[in-house]
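> Now for the letters of each chain:
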Amino acid sequence: MSAQVAALRAVLLSLAACACCSAQAQTIDLNRIFSIGRDAVTAVAGVSEEEELKIGREVAGRMLGAAPLVNDPALQGYVNRVGRWIASQSERPDLPWRFAIIDTASINAFAAPGGYVLVTRGLYEILDSEAQLAGVLAHEIAHIVRRHHVTVMQKSAALSAGAQLAQRDNRSALLNNMIGSGAEVFARGLDKSAEHEADAMGVVLAARAGYNPFGLVDVLQKLAARGAADGSLALLFKTHPAPGDRLDQLGTALTPRMANLPVGRELDIRRVVAGAGPVRAAQPLPADGARGLTSQQGSPQPQPSKGGGGIGVDPSQILRGLFGR
Amino acid sequence: MRHVMTGVSGRWLTMLLLALISAMASAEPVTVERDSVLRSEPRTDASVAGNLAKGATGDAVARQGAWVQVKSGALTGWLYSFNVRFGVVTPGSGDGAGAGSALGRVFGPRQKVNVTATIGIRGLDEEDLKQAHFDQGQMQQLDGYAANRDQAAEHAGSAGLTAGKVDYLDQAGSTP
Numbered sequence: 150m151s152a153q154v155a156a157l158r159a160v161l162l163s164l165a166a167c168a169c170c171s172a173q174a175q176t177i178d179l180n181r182i183f184s185i186g187r188d189a190v191t192a193v194a195g196v197s198e199e200e201e202l203k204i205g206r207e208v209a210g211r212m213l214g215a216a217p218l219v220n221d222p223a224l225q226g227y228v229n230r231v232g233r234w235i236a237s238q239s240e241r242p243d244l245p246w247r248f249a250i251i252d253t254a255s256i257n258a259f260a261a262p263g264g265y266v267l268v269t270r271g272l273y274e275i276l277d278s279e280a281q282l283a284g285v286l287a288h289e290i291a292h293i294v295r296r297h298h299v300t301v302m303q304k305s306a307a308l309s310a311g312a313q314l315a316q317r318d319n320r321s322a323l324l325n326n327m328i329g330s331g332a333e334v335f336a337r338g339l340d341k342s343a344e345h346e347a348d349a350m351g352v353v354l355a356a357r358a359g360y361n362p363f364g365l366v367d368v369l370q371k372l373a374a375r376g377a378a379d380g381s382l383a384l385l386f387k388t389h390p391a392p393g394d395r396l397d398q399l400g401t402a403l404t405p406r407m408a409n410l411p412v413g414r415e416l417d418i419r420r421v422v423a424g425a426g427p428v429r430a431a432q433p434l435p436a437d438g439a440r441g442l443t444s445q446q447g448s449p450q451p452q453p454s455k456g457g458g459g460i461g462v463d464p465s466q467i468l469r470g471l472f473g474r
Numbered sequence: 017m018r019h020v021m022t023g024v025s026g027r028w029l030t031m032l033l034l035a036l037i038s039a040m041a042s043a044e045p046v047t048v049e050r051d052s053v054l055r056s057e058p059r060t061d062a063s064v065a066g067n068l069a070k071g072a073t074g075d076a077v078a079r080q081g082a083w084v085q086v087k088s089g090a091l092t093g094w095l096y097s098f099n100v101r102f103g104v105v106t107p108g109s110g111d112g113a114g115a116g117s118a119l120g121r122v123f124g125p126r127q128k129v130n131v132t133a134t135i136g137i138r139g140l141d142e143e144d145l146k147q148a149h150f151d152q153g154q155m156q157q158l159d160g161y162a163a164n165r166d167q168a169a170e171h172a173g174s175a176g177l178t179a180g181k182v183d184y185l186d187q188a189g190s191t192p
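Those protein sequences? They're chains A and B, same order as listed. All the letters of the first sequence, read from the start, carry residue numbers 150 to 474 under this note's numbering. All the letters of the second sequence, read from the start, carry residue numbers 17 to 192 under this note's numbering.
To be clear, the hints were calculated from the coordinates, so they are not data collected in a lab. There could be a bad hint or two in this list.
Unchecked claim - Stretches of chain B that chain A covers, calculated by requiring three or more beta carbons in the stretch to come under 8 Å of a beta carbon on chain A: (1) 61 to 73; (2) 143 to 153; (3) 171 to 180.
Yeah, the Cβ is synthetic: ideal placement off N, Cα and C, and Gly gets one too.
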């Protein structure tokens, strides 16, 4: 409800701002402005679970168009079992949960509405334990449980009040307007308070699932130690509060509960199989946005791993093979 | 008998050496981020070993769960890991801030070469996300990897994980 009020206020403010700076301001009917604002907010407010699933599937599919799945079915199955176990401890255990490791060196993780959680290979490879993986997955699960991205999309769609007028009776155009272009919702980021809430909930969800609750704290320490100068963290730093701030907030919330949180298990994490590349055929990718065009023709079935990765290996994989784990 | 004795003391010597090496390798500079009570053991009910004020510096020498053991001047004790910050490692900075030390591997980049390796690797950026197109084949693949609740519970069972009731944290500004 407060989100709707905030969105309504934003619409009205933006309309009022236009009115003030326009020479024709005097001729604008204030009642009509309020009516437009109200309609826009009402139209995007009631997103059903079915619509949420539709939006999430579209956004997740676009994300996989930008960064494909890592070709390691055993690893992907493992991440799904860990993720589903944690999601089973949440308030939305029966969503069609999907988890995946996507093939990019960026250090990040993404949650799309309806139960899609995508962790980058760059982040997965700096994790030391299943408890740390649980912390990351639980943070993303919390975003989905609290419908954080849906709220952000609603606000942003409500702001384009002009578009709303034309879409009041066209639900699918409305949902498309909410999604925007590509997977840009992940570039916009959420409110800081949504990130802090997901951290605090993530610790508890991991604890409920039987893991050491502090896996997420360890991961935030890793991110803080890397700092903003690390290029692989560029997007994450742009869309999230600084890891140090997140540790501060989380620490404040955790301190009164330290005496009675369960110890939980740490557990070894499953490593990415040697030589695993993206699920898509290993061809050099164009540097522009042309990847999306090829994706429309559908992906080939996963190629069986040839162990060494063959000829034409991505240089980053060689580095990983030599120095990574 | 003599042979056995030698074996035992040899094993002790090896363990002692390993402990020394690990203690030496794991010292990691830290800064205390908020006023903290140092405990003699990693437990909230352990005796107080001293206090460290915000801004105090020291070396982290061990960790256990949410706790990190810090040595600062004459004081040594345990405090919550979220109350300290470890040195920032900048890409290509070589040995800066203990990137190669044991705790650097625990809390920071695993190895300094790993940091160097990220330079020049093109990760996802805003433009990639805006240009992204839906990939049906990838989504089918993703659906194939899904686990149901039973499969998830089976994994938990074999890993020795048991579900428990834990209340959400009280958080300033959070909505119910």
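> List in ascending order the numbers of the hints, as given earlier, that are violated by the structure.
1
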